[in-house]
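Each protein sequence line maps, in turn, to chains Y and L. Numbering follows the numbering used here, in which position 49 of the first sequence is assigned residue number 49; successive positions increment by one, without gaps. Numbering follows the numbering used here, in which position 215 of the second sequence is assigned residue number 215; successive positions increment by one, without gaps.
Since the hints were made in silico from the structure, they are not lab data. Heads up, the beta-carbon is just placed ideally off N, CA and C, and yes, glycines get one too. One thing to keep in mind: the hints can contain errors.
What the hints assert, rightly or not - Covered by chain Y, according to a simulated footprint, are these stretches of chain L (three or more residues, beta-carbon under 8 Å):
{"no.": "1", "stretch": "145-152"}
{"no.": "2", "stretch": "196-206"}
{"no.": "3", "stretch": "243-253"}
{"no.": "4", "stretch": "367-378"}
Said to hold, decoys possible - Result set (EDC-like, lysine to aspartate or glutamate): computed pairs, CA atoms no more than 16 Å apart in a straight line:
{"no.": "5", "chain 1": "Y", "residue 1": "Lys177", "chain 2": "L", "residue 2": "Glu559"}
{"no.": "6", "chain 1": "L", "residue 1": "Lys66", "chain 2": "Y", "residue 2": "Glu178"}
{"no.": "7", "chain 1": "Y", "residue 1": "Lys110", "chain 2": "Y", "residue 2": "Asp86"}
{"no.": "8", "chain 1": "L", "residue 1": "Lys66", "chain 2": "L", "residue 2": "Asp88"}
{"no.": "9", "chain 1": "L", "residue 1": "Lys66", "chain 2": "L", "residue 2": "Asp179"}
{"no.": "10", "chain 1": "Y", "residue 1": "Lys110", "chain 2": "Y", "residue 2": "Glu90"}
{"no.": "11", "chain 1": "Y", "residue 1": "Lys110", "chain 2": "L", "residue 2": "Asp179"}
{"no.": "12", "chain 1": "L", "residue 1": "Lys66", "chain 2": "L", "residue 2": "Asp130"}
Residues per chain, in single letters:
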Amino acid sequence: VRRARRTLCWCALAAFVAAARVGDAEPNGAPAAPASGSVRVKLAARSSPGKPQPPIAAAYRLSAVPAIGMPLRVSVTARADASLGDLSIEVSTADGASVSSPPVAVAGTKQGEYVWEIDVAPLSSPAGRLNVLVTGNGPAGPQARSLSVLLRTGARAEAAELRVAPNGERLMALPAKESVVERSAPEDAR
Amino acid sequence: VTNLTTNRWPLLVASLLAGCGGGGGGGGGGGPQPVPTTVTVSGTVTFDSVPSVAGIGLDYANTQPKPARGVTVELLEGANVLASTTTDAAGVYSFTTTPNRAVSLRVRAEMIRVGAPSWTFTVLDNVNGDALYTLDGAVFDTGTADSTRALRAESGWNGSSYAGARSAAPFAILDTVYDGVQLVLSASPAAIFPPLQLHWSTSNVPSFGSNAIPDPDTGEIGNSFFRPGSGIFLLGAADSDTDEYDRHVIAHEWGHYLEEVFSRSDSIGGPHTRHDQLDFRVAFGEGWGNAFSAMLTGQSVYRDSFGPSQSGSFGFDVEGPLSAAQGNQNPGWYSEESIQEIIYDLFDSGVDLIRNSLVADNVALGFAPLYTVMTGDQRTTSALTSVFPFVVALRAQRPADAPLIDEVVNAQNITPVADIYGTTEAHFGNPSSSDLQSVYDLLSVNDPTPVRVCSLDDYRSTFTGSTNKLGSRRFLRFTAASAGMYTLTARAVAPLNAAADPDMILRRADEVTISNGAPSSTCSTGTPEECVESFSPTLAPGDHVLEVYEWTNTNTATEEYPPIGRTCFDVTVTQP
Chain Y
1 VRRARRTLCW CALAAFVAAA RVGDAEPNGA PAAPASGSVR VKLAARSSPG
51 KPQPPIAAAY RLSAVPAIGM PLRVSVTARA DASLGDLSIE VSTADGASVS
101 SPPVAVAGTK QGEYVWEIDV APLSSPAGRL NVLVTGNGPA GPQARSLSVL
151 LRTGARAEAA ELRVAPNGER LMALPAKESV VERSAPEDAR
Chain L
1 VTNLTTNRWP LLVASLLAGC GGGGGGGGGG GPQPVPTTVT VSGTVTFDSV
51 PSVAGIGLDY ANTQPKPARG VTVELLEGAN VLASTTTDAA GVYSFTTTPN
101 RAVSLRVRAE MIRVGAPSWT FTVLDNVNGD ALYTLDGAVF DTGTADSTRA
151 LRAESGWNGS SYAGARSAAP FAILDTVYDG VQLVLSASPA AIFPPLQLHW
201 STSNVPSFGS NAIPDPDTGE IGNSFFRPGS GIFLLGAADS DTDEYDRHVI
251 AHEWGHYLEE VFSRSDSIGG PHTRHDQLDF RVAFGEGWGN AFSAMLTGQS
301 VYRDSFGPSQ SGSFGFDVEG PLSAAQGNQN PGWYSEESIQ EIIYDLFDSG
351 VDLIRNSLVA DNVALGFAPL YTVMTGDQRT TSALTSVFPF VVALRAQRPA
401 DAPLIDEVVN AQNITPVADI YGTTEAHFGN PSSSDLQSVY DLLSVNDPTP
451 VRVCSLDDYR STFTGSTNKL GSRRFLRFTA ASAGMYTLTA RAVAPLNAAA
501 DPDMILRRAD EVTISNGAPS STCSTGTPEE CVESFSPTLA PGDHVLEVYE
551 WTNTNTATEE YPPIGRTCFD VTVTQP
């Protein structure tokens, strides 16, 4: 039993933030957590709702830890509102990854569940990514859910430059397109 | 004059030099040109604004430069800041500095104002230690002439992909924030905005970290979201989901920030989608966010780009369905779709038929009355934050508009609102349940007859689960006549589908007390009386709301402890 001002409550519940369930419907590609027996982890803090999404949930699992040049299998699981009908999948790669075969649909373990398997291989880039788009077609037209499968094997090269100011402030420097529009004499020089 | 790279001076200088017979380095006026004591460096800061268009996603072909408004510009010498200023509404900055100095310009992705009003909004890179984004210009010599220098933050799009740095993104994000600030200032000119960090990175992907939770350090944030105390996180994954140009998305999350800091939100969050029948606090919070995004952008059609080349678009019209096929199947006080339409209809000046009904939206209150309610009665209400206290307060503030307000509300399948607790409400979900026939049940202190409420799993969604749906949490209210210790008890009653795990949360406005112990070993389907939750807080006098629920009915079907369905509890409150 606790009693506190709400702000204090959030602070006290900081530990729960780590368990905020933004993705109840969206487990990621990590292996499922082992069963925790009778221990009931109760989440008292609210989770972040996130932006509005179409009625499609998608998740992925990897067969192995990504390593450059080593093929692995990505399993994508999706569920959707029944009104969206059959779901389809599109995949594309980013930052250096190779899809060696098109997605193969396999039977889901639960009713209404769609599962596809995709064989991929991270290439030279340390930050490969497989972009997945799961699409359904409902009475209101097509709706889709995007998912990024990380095939990360190292740090990603940054387009911006991290700098540290004299006061210790960290700055992410982005380039500007700069142009001199006009140059004229100051008043006291005319 | 040594730095004559000007457009206007060469002819003049040439003629002056000829007239004076030379005089290298000299100026005009018949003698050596004096070196000015100061020169001005001024110009504009702009960013590439890419429209997000319903149906086609980001429309790069119509990218336009827009002024970076209200952002900090620094004049640097090396790494040292010589001067700092803020761009105006046209993105204009100006510095007066000394001549012949090697300097550079740096634009910080921040909006800061002190005094009243005041604010601090910053855009940070969450995968690089929350470093502040900056737009950096090249080193130049101030010379002896005033100069005008334009800095442009480019999108990085080369016609088919992001080939360069996406410098515009942090400033596009701030642009939406700027408009939000202006909207708030229109209702509260001296508003003091608590600081807010907005986090964005090209590494922010729509996938979760290894613990199936958002991981800002790696960018695996799963979704764009607002988290109290941490700020707003926005996706930036090219060809998957980026949100820097999705103004509705940013505005929705900023609306959550606004609700959190200026109003009050009792929302429990969790996954949701438009047609869900939600916990009414979630419905109100999300409906507010969607309506606010339309108010801020001036566009009722919410749009969110995604997919390859950002060419996909998810959207809906907060005014109502884009087509009959998209109609709200479950309107009501538990529908975010209903709430967003109510709030926006109360705000906007357009007249439309509400959710395809014959009721016209004839009310146009603008933002100020809604803001006044949100920051006033909605913040302090003893009820939970929902449409009920909102409507009660709005009617009290605008009595002349009360009939029109009621029309807008009632058209959403909501019974005329009698009080902040929705006491007369008569609509309770689709399909209806005999176990859910009240918004709040009334509890009396020391009443020997317990109040029976049932926690349900009837309104779960196949894709957003049970966590935050209608009926899983039940609400009771009571009045503590005097200060002191009270004992609150929820005891399961037969029949049970499984051993019950009752939990309770006590709320008094923004004070929260939680009692969520695990069930005892003696609790079973055959011994429901052993499945009990009880706690004894010290209460202040006044109205309190008690939330009672079967814990598993707030889980998803895939969790270790999935919902056990209908579970009823006898609830009492006693004072020794």
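Hint by hint, here is what the structure shows:
1. Restraint check on the stretch 145-152 of chain L versus chain Y: 8 residues with Cβ-Cβ distances below 8 Å, three needed, restraint holds.
2. Closer than 8 Å: that is the beta-carbon criterion, and the stretch 196-206 of chain L has 4 residues meeting it against chain Y, so the requirement of 3 holds.
3. Evaluation of the coverage hint for the stretch 243-253 of chain L: fulfilled, as 4 residues show C-beta separations to chain Y shorter than 8 Å, against a requirement of three.
4. Counting residues of the stretch 367-378 of chain L whose beta carbon lies closer than 8 Å to any beta carbon of chain Y gives 0, which falls short of the minimum of three for the stated coverage.
5. Among the hinted pairs, Lys177 (chain Y) with Glu559 (chain L) is inconsistent with the structure: their alpha-carbon atoms are about 51 Å apart, more than 16 Å.
6. For the proposed pair Lys66 (chain L) and Glu178 (chain Y), the alpha carbon gap of about 15 Å is at most 16 Å, so the pair holds.
7. For the hint pairing Lys110 (chain Y) with Asp86 (chain Y), the CA-to-CA distance comes to about 15 Å; that is within 16 Å, so the pair holds.
8. For the hint linking Lys66 (chain L) to Asp88 (chain L), the alpha-carbon distance of about 12 Å falls within 16 Å, and the restraint holds.
9. Annotation: proposed proximity of Lys66 (chain L) to Asp179 (chain L) holds, straight-line Cα distance about 13 Å (limit 16 Å).
10. Taken as a hint, the Lys110 (chain Y) and Glu90 (chain Y) pair is broken in the structure, with Cα atoms around 22 Å apart against an allowance of 16 Å.
11. The hinted pair formed by Lys110 (chain Y) and Asp179 (chain L) fails the criterion: a straight-line CA distance of about 46 Å is larger than 16 Å.
12. Distance hint between Lys66 (chain L) and Asp130 (chain L) is unfulfilled; the C-alpha atoms sit about 26 Å from each other, more than 16 Å.
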